[in-house]
Each structure stands twice: as structure tokens, then as C-alpha cells.
Amino acid sequence: MTTEPTPDLDEELDRLVAAARDGDREAFDELVRRTHVDTYTLALRLTANEEDASDVVQEAYLRAWKGIRRFRGDARFTTWMYRITANTAYTAVQKRRRRRTEPLDTVDEPIESMIENLPEQAAESAALLEELAAAVAELPPKLRSIVVLKDVYGLSHEAIAEELGISVTAAKVRLHRARKKLRDLLFEEGRSAHAV
Amino acid sequence: MQCEDVARLLPETIDGNDPVDLSVQRHIESCLRCQAELARYRRMLRALQMLRTRYLEPSPTLLAQTLTALEEAGEQQAVRSLLSGRRLAYAGAIAGGAVAAAATTTMVLLARSRRRATALAS
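These protein sequences, in sequence, are chains X and D.
The opening position of the first sequence corresponds to residue 286 in this note's numbering, with each subsequent residue numbered one higher.
The opening position of the second sequence corresponds to residue 867 in this note's numbering, with each subsequent residue numbered one higher.
Calculated from the structure, these hints are not laboratory results.
Mixed in with the good hints, there may be bad ones.
As the list claims (entries may be wrong) - Computed list of chain X residues with no C-beta within reach of chain D, every gap over 10 Å: (1) His321; (2) Asp323; (3) Asp359; (4) Lys380; (5) Val437.
Said to hold, decoys possible - Once the Cα atoms are required to be at most 20 Å apart in a straight line, the calculated EDC-like pairs of lysine to aspartate or glutamate come out as: (6) Lys351/X x Asp307/X; (7) Lys466/X x Glu937/D; (8) Lys351/X x Glu878/D; (9) Lys465/X x Asp881/D; (10) Lys465/X x Glu938/D; (11) Lys380/X x Glu335/X; (12) Lys457/X x Asp884/D; (13) Lys466/X x Glu878/D; (14) Lys457/X x Glu938/D; (15) Lys351/X x Asp309/X; (16) Lys351/X x Glu311/X; (17) Lys351/X x Asp293/X; (18) Lys465/X x Glu941/D; (19) Lys457/X x Asp887/D; (20) Lys427/X x Asp469/X; (21) Lys465/X x Glu937/D; (22) Lys380/X x Glu443/X; (23) Lys380/X x Asp314/X; (24) Lys427/X x Glu443/X; (25) Lys351/X x Glu941/D; (26) Lys457/X x Glu941/D; (27) Lys457/X x Glu415/X; (28) Lys465/X x Glu870/D; (29) Lys465/X x Glu423/X; (30) Lys457/X x Glu878/D; (31) Lys427/X x Asp309/X; (32) Lys427/X x Asp887/D; (33) Lys380/X x Glu423/X; (34) Lys457/X x Asp469/X; (35) Lys351/X x Asp314/X; (36) Lys380/X x Asp309/X; (37) Lys351/X x Asp340/X; (38) Lys466/X x Glu903/D; (39) Lys466/X x Asp881/D; (40) Lys466/X x Asp887/D.
Quick reminder that beta carbons are idealized off the backbone N, C-alpha and C, glycines included.
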């Protein structure tokens, strides 16, 4: 499991970003090495499909490299990557849906088996997190992307709306629906050991 | 205010960003069922925030594939800019040639007209 970035690591990332903006490919490669697990995690939570997530990661970094000169540095590099990844994943999910002619509310495979077990965490919390990750993966793609970007990654409604090409109001309505559905998936009687 | 009304409002008010109606607050304070529902949503949101640091391991080949894709994209870009540079050079050479040809023609025409003028004068 990867650790949270520390202030020193943030400074190092800033230095690499500055070099990459000046066209230093090696610096950008180093950024990829340091952030790809984080980017992949978001991509997998958004697509709920390992193959799609890997494609999204590659495409997101290609877009990032092409646009790195436009990155002004007023947000963290990771936040900027989240937005690019969200946009790329949204396109990938749309393409997949058209390719497979899936209905809008397709239920994807749960990814609970991918969640790592943390011995240091209380078993109850770990079990809840596993169930939660699986429930998030079960959400319809449009609802899943909103709840992941807002409630897991903390992006603003405005940023989410911009990356997904929807209005702020639509983003809020979808978040409302996503939370309600997630609550039902998690706490409905008979489904979970955590039902209250 | 009914429990169903509160249940409908909870998903959007759980953030605490928007002010909650006083009647909703009063209902929750006096209703164990709605307090339990609020606790479920709070627990769910806390757990969602915890997912942020639960990283999922990609395939071991993903990093190498991504770096290779970037390298290939960089090479394609270099070829494109080289070609566009050559195109500029060709265009420059053609333009230069055209200017030189035009200058030569002008000089020849001027020389001819001068010779004619001299012949007429003599």
C-alpha cells in the first residue's frame, strides 16, 4: 500500500512538474512513476474494469504530457491528474457502453477482492470498506463517477461538472441519487452485516 | 415533517455545506429512526473518504507500457516537428528562389529598356 504524500514529496513533485513544463521528459517520466498507482486507483474506481483502467491511465498521462505547459500550478499536480483521469475515464466508459450496447444501469463486476486488508485497522472497518468499494463498483457509471470524484477524491461540483460535461445542478442531483443508492446497497436488510 | 421527507433530504444535506431547514433539525432531534439514518450516511461518507488512501495495485506491466507510450508519442511529435521544419525550409527556399527570379527578370527588363532608350536617343 502506498503512503500519503508528505510535504517533502510534494516539494519534489513541484520540482518535477516545473522541469516537465520546461520539456524535460525524464522529469515527467518520474512523475508518472510516483503517481501512477494513485491514478490507476482512481481510474479503476471510475471504470470498475481493470483493462479499461489501464487504458485510461496511459491515455491520461499522454494528455497530461501534451498539456503540461498549460498546467499553471495553482492546483496540486495530483488534483490536475484526477481531473484529466476523470475526463478520460468518462470517455472510456461511454465508448465501452456503445461498444457493448449495455443498458445505462449496467452492473459491473464488484472489485472487493482487489481491496487490500489492513491488519492494523479494525476488522469491522475493513469489512465495511470492502463492502463499500464493492457497492461503489455496482453503481451505474454515471452515478459512480460523481460519488467517487466528490466523496472519495473531494473534487468540487464545478470541477466535476466541467470534466464530465454536465451542469453543476446535474452533478448535484446525480450525487444525491448516488448517495441514496449507495446507502441502499450498503445498509439494505439482508445485504450487509453492517445493516443497522 | 415526516421521516420519509427527512430521508429524502439527507443525501444532499449530509455534507453540511447547505443550511438545513429548522423543521428537519427538530424532527431529527426527536426521532430515533432518523438519527439512525443520519448516522448511516455519516458513516458511509467517512468510509468513502477513507477509500481515498486505499490504493489498488495495477498490473506490473502498466508503468512500463505507459512510459513506452509516452516515448512513442514523443518520437512521433519529434518526427512531425522535423517534417514541419523541413516543410518550412522548402517553402523558404522556394520563396527565396521566386524572389531571386523576379529580381533577375526585373533587372533584365530594366537593362533592355535602358538599351532601347539609349538607341532611340542616338
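Mind checking the alpha carbons of Lys351/X and Glu878/D for me, to see if they're no more than 20 Å apart?
It is violated: about 37 Å lies between the C-alpha atoms, which goes past 20 Å.
Checking one constraint from the list: CA of Lys351/X to CA of Asp340/X, max 20 Å. Satisfied?
holds (17 Å)
Within a Cα-Cα threshold of 20 Å, do Lys465/X and Glu870/D meet the stated pairing?
holds (13 Å)
Within 20 Å, alpha carbon to alpha carbon, are Lys427/X and Asp309/X?
violated (37 Å)
For the pair we were handed, Lys427/X and Asp469/X, check the Cα-Cα distance against 20 Å.
At roughly 17 Å apart (the allowed maximum being 20 Å), Asp469/X and Lys427/X satisfy the hint.
Assess, step by step, whether the Cα of Lys465/X is no farther than 20 Å from the Cα of Glu423/X, and give holds or violated.
holds (13 Å)
Given the hint that Lys380/X pairs with Glu335/X, does the C-alpha gap stay at or below 20 Å?
Holds, because 15 Å separates the two Cα atoms, which is no more than 20 Å.
Can we confirm that no CB of chain D comes within 10 Å of the CB of Asp359/X?
Non-interface label stands for Asp359/X: nearest chain D Cβ at 21 Å, farther than 10 Å.
Satisfaction of hint between Asp309/X and Lys380/X, Cα-Cα up to 20 Å:
With a Cα-Cα distance of about 33 Å, the restraint between Lys380/X and Asp309/X is violated, given a limit of 20 Å.
For Lys351/X and Asp309/X, compute the direct alpha-carbon distance and say whether it is at most 20 Å.
OK: Lys351/X and Asp309/X at ~12 Å, within 20 Å.
Given the hint that Lys351/X pairs with Asp307/X, test it: the Cα-Cα distance must not exceed 20 Å.
Roughly 12 Å between the alpha carbons, so the hint for Lys351/X and Asp307/X holds.
Would the pair Lys380/X and Glu423/X pass a check requiring their Cα atoms to be no farther apart than 20 Å?
holds (19 Å)
The structure fails to meet hints 1, 2, 5, 7, 8, 10, 14, 17, 18, 21, 22, 23, 26, 27, 31, 32, 36, 40 from the earlier list, while all remaining hints are met.
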